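What follows is the residue order along each chain.
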Amino acid sequence: MTLPFLIIIPLFGAFSMPIVSLLGKKIKEYWAVIVSGATLAVSAKIFYTVWKTNEIILYTLGSDSPIGKGVKFPIRIVWEVDLFGALLALTIAFVGFLAVIYSLGYMKHDTGLEKYYTLILILELGMLGIVITGDIFNFYVFLEIMSIASYALVAFRNDTWEGIEAGIKYMFVGSLASSFILLGIALLYGQYGTLTMSYLAIKIAENPTLVAKIALAFFIGGLLFKSGAVPVHMWLADAHPAAPSSISAMLSGLVIKAGGVYAVARIVFGIFNPGLHAYLRAFNAPAVNMDVIGWVIVFFACLTLLVGNAMAVVQTDMKRLFAFSSVGQIGYILLGIGIGTLAYGTKAGELALAGAIYHIVNHALIKALLFLVAGAVIHQVGTKNLNELSGLAKKMPLTTFSFVIGAAAIIGLPPLNGFASKWIIYESSAMYNPVLAAIAVVGTVFSLAAYTRVLFTFLGRESDMIKEAKEPEKSMIIPMLILVAVIIVMGLLPWQISDKIMVPTARMLEQLNGEYIMALLKFIGGA
Amino acid sequence: MIPLQFITAFLMVFMGIYAFLYKRNLIKLILALNLIDAGIHLLLISLGYRLENGILPTAPIYTGYETLKGTPMVGPIPQALVLTSIVIGVCVLSLAMALTINAYRHYGTLDVNKLRRLRG
Amino acid sequence: MKSDMGLIVKTMARATIPLIGIFGAYVVSHGHLTPGGGFQGGATIAGAGVLFIIAFGVGEAKKRINKSLYSALEGLGGLVFLGVAMLGLSVAFFYNTLWHNGPIFNGKPGTLLSAGYLPIMNLAVGLKVYTGLMSAVFAIALFRRWRK
Chain X
1 MTLPFLIIIP
11 LFGAFSMPIV
21 SLLGKKIKEY
31 WAVIVSGATL
41 AVSAKIFYTV
51 WKTNEIILYT
61 LGSDSPIGKG
71 VKFPIRIVWE
81 VDLFGALLAL
91 TIAFVGFLAV
101 IYSLGYMKHD
111 TGLEKYYTLI
121 LILELGMLGI
131 VITGDIFNFY
141 VFLEIMSIAS
151 YALVAFRNDT
161 WEGIEAGIKY
171 MFVGSLASSF
181 ILLGIALLYG
191 QYGTLTMSYL
201 AIKIAENPTL
211 VAKIALAFFI
221 GGLLFKSGAV
231 PVHMWLADAH
241 PAAPSSISAM
251 LSGLVIKAGG
261 VYAVARIVFG
271 IFNPGLHAYL
281 RAFNAPAVNM
291 DVIGWVIVFF
301 ACLTLLVGNA
311 MAVVQTDMKR
321 LFAFSSVGQI
331 GYILLGIGIG
341 TLAYGTKAGE
351 LALAGAIYHI
361 VNHALIKALL
371 FLVAGAVIHQ
381 VGTKNLNELS
391 GLAKKMPLTT
401 FSFVIGAAAI
411 IGLPPLNGFA
421 SKWIIYESSA
431 MYNPVLAAIA
441 VVGTVFSLAA
451 YTRVLFTFLG
461 RESDMIKEAK
471 EPEKSMIIPM
481 LILVAVIIVM
491 GLLPWQISDK
501 IMVPTARMLE
511 QLNGEYIMAL
521 LKFIGGA
Chain V
1 MIPLQFITAF
11 LMVFMGIYAF
21 LYKRNLIKLI
31 LALNLIDAGI
41 HLLLISLGYR
51 LENGILPTAP
61 IYTGYETLKG
71 TPMVGPIPQA
81 LVLTSIVIGV
91 CVLSLAMALT
101 INAYRHYGTL
111 DVNKLRRLRG
Chain B
1 MKSDMGLIVK
11 TMARATIPLI
21 GIFGAYVVSH
31 GHLTPGGGFQ
41 GGATIAGAGV
51 LFIIAFGVGE
61 AKKRINKSLY
71 SALEGLGGLV
81 FLGVAMLGLS
91 VAFFYNTLWH
101 NGPIFNGKPG
111 TLLSAGYLPI
121 MNLAVGLKVY
131 TGLMSAVFAI
141 ALFRRWRK
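Top line first, the protein sequences correspond to chains X, V and B. Numbering follows our numbering, in which position 282 of the first sequence is assigned residue number 282; successive positions increment by one, without gaps. Numbering follows our numbering, in which position 37 of the second sequence is assigned residue number 37; successive positions increment by one, without gaps. Numbering follows our numbering, in which position 120 of the third sequence is assigned residue number 120; successive positions increment by one, without gaps.
27 Å max Cα-Cα, derived DSS-like pairs, lysine-lysine:
(1) X:Lys522 <-> X:Lys72
(2) X:Lys394 <-> X:Lys470
(3) X:Lys500 <-> X:Lys347
(4) X:Lys115 <-> B:Lys63
(5) X:Lys467 <-> X:Lys108
(6) X:Lys203 <-> X:Lys69
(7) B:Lys63 <-> X:Lys25
(8) B:Lys10 <-> B:Lys63
(9) X:Lys25 <-> B:Lys62
(10) B:Lys62 <-> B:Lys10
(11) B:Lys67 <-> X:Lys108
(12) X:Lys52 <-> X:Lys500
(13) X:Lys474 <-> X:Lys394
(14) X:Lys474 <-> X:Lys26
(15) X:Lys26 <-> X:Lys115
(16) X:Lys522 <-> X:Lys52
(17) X:Lys108 <-> X:Lys470
(18) X:Lys115 <-> B:Lys67
(19) X:Lys470 <-> X:Lys384
(20) X:Lys395 <-> X:Lys467
(21) B:Lys67 <-> X:Lys26
(22) X:Lys69 <-> X:Lys522
(23) B:Lys62 <-> X:Lys115
(24) X:Lys25 <-> X:Lys108
(25) V:Lys114 <-> X:Lys384
(26) X:Lys25 <-> B:Lys67
(27) X:Lys203 <-> X:Lys72
Here are a few chain B residues that face chain V, going by a calculated C-beta distance under 8 Å:
(28) Ala136
(29) Ala139
(30) Ile140
Just so you know, the hints here were simulated from the structure itself, not pulled from any lab data. All figures in this text were calculated on a predicted structure; none of them were measured in a lab. C-beta atoms are modelled at their ideal positions from N, C-alpha and C, and glycine is treated no differently.
Given these sequences and hints, build the entire structure.
Okay, structure coming up:
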């Protein structure tokens, strides 16, 4: 069984980092590369296994069965990996690996690097834990591990006021959101007496009370905070630009997805399964009405994608522009999840979920690439103000090429991977409600305006600031080129990926036949 | 009838949220976060408490448990949850204090309204 | 740098620091028998360290505390915890294999040498919490010196 190694390897790397760093100067960096590379291999293996067998892996910590002795319900912590979790684990390990390689060159001039690499491995560990866990308190623990590591990493350069201010804002907002989530967990535990997600799903369907609805509200509220939806997106626009660029790539590409959007989808579809409740309502039994929560998510999604993309247009700071664009793209993903909840069980719902999942993966790759480009520019030129960066194309052609690919992909130009996922989201929202599709397209127009502006800056007349600029070193170029290659390859096979990976993933997340619950019920039947 | 400890727990949570929204001193904000957490911990701990036949419950693990056989036991799971949550709280608290000290070094003030050099 | 604490505080600290340390060690080593455990015991021992810093000053503490040793010990505590958790990997991660048929810590429940991997884990966590909290407190105490 390879699943525990997904946690063991980064944890081992993080714990051994202080000891390893005593051995020599450069060893800690290679150690971080080795550890994150091994994590990538393990996650690829797990993804392949789950995709091949199309079955949910259920792993129990501390015993061979989650069921306690003499009782008929699960008492142990379980890890439950379906295709969605495995796909995200693969994405996280991949982008994390590239971010570590990029840090070799980018963080060369900083001190305290053993703490940096420890924290980056812990950040990766927390995200991997979130996507594989099937226990709601375990989910909270991993969420906090991830959050604390990212607070510390945002404020890593503590000799600048920028990092400290952003870190404080991020930390207060994030801790409040975590407290909401913990309150939701406490309410659910008090009402139903269990923490296993799939068993909670059964319990809630049997006896939906007011407490369950309040807990759901707390979950959605806290997770929207964490994913940076619009009324509460301000911390994101401060924290992501202030962090070192390799960390911005992980924060924007992965953290707001694993700790925000993934968790929303898992809680809505895993614990409060809309299908189960629709089924119950048909018999006039009490059930949680999931349409309300679907509309809430759709409302915030529309707000997010309009405001996020529109705010991106007026920014002069390159990284801040990318951060606002991340807010906008989160809006598309939430739109897909919301329509998937509303149109549960229909073709539109399944397509919307597939589009949302596809866009999570695509956006992780594209936004990581864009932040790595921004980091290369900052590292070589020393400024991220767009007014001072004109004419960079001649001096840094490879960097500019990477940026062009990334920008085209995030707008959704056809031969690149962003096109397919955005198209699926437009199509499914048009099938459900044409107004939503129109709003999504308006958001893309804003996004186009923002990125065109940056592109013209890069291609424009040479300014004084960039006279000395040249291409960054190899360890920074290579991760960018790998991401470019992946984006182009994924763009060449859009519908194959959609049919082979994304639609099965959406089906598994949607669990029309309750697969997530059945994986646990197998044990109860056998006990 | 809602037990008194639940009401107290929620009062603590709401007091914390009030302080979080209306106080502008960084140290007070940290205290507000801890107050919210403490309220949730009280809620969780009191979920595990039960009174059977008027006998006070004992701690789940105790060396002299043999002599106390027959007395009810408090739920062990909420205690484990609260312990984990306290550990997390300690991490957040120490990180918050470190950041606050750094902010004081850069800005010379603890007023959160003055921390506005980043636009937005 | 002279500490501004008086003779009474220093004498009392000298007397109580070993007692606090012993009590913390008791809490750690009996974690599987009585309420308490690695975190609580480690935090108690770290309390002794905080008392040391307050009573004798940061300058005295700087001579005694080796930062890289502390972070290496913290890593060691984590590694021991992880290694013990991996002992039962043939059944499951965190499987308590020592308890059922291990060579050590397999005594009757309620005795000191029982409960399988729990005492080892408590010791590891105690080490990690003590070193980690001490490093954090010490780092925060050092911050006072930003303005010369």
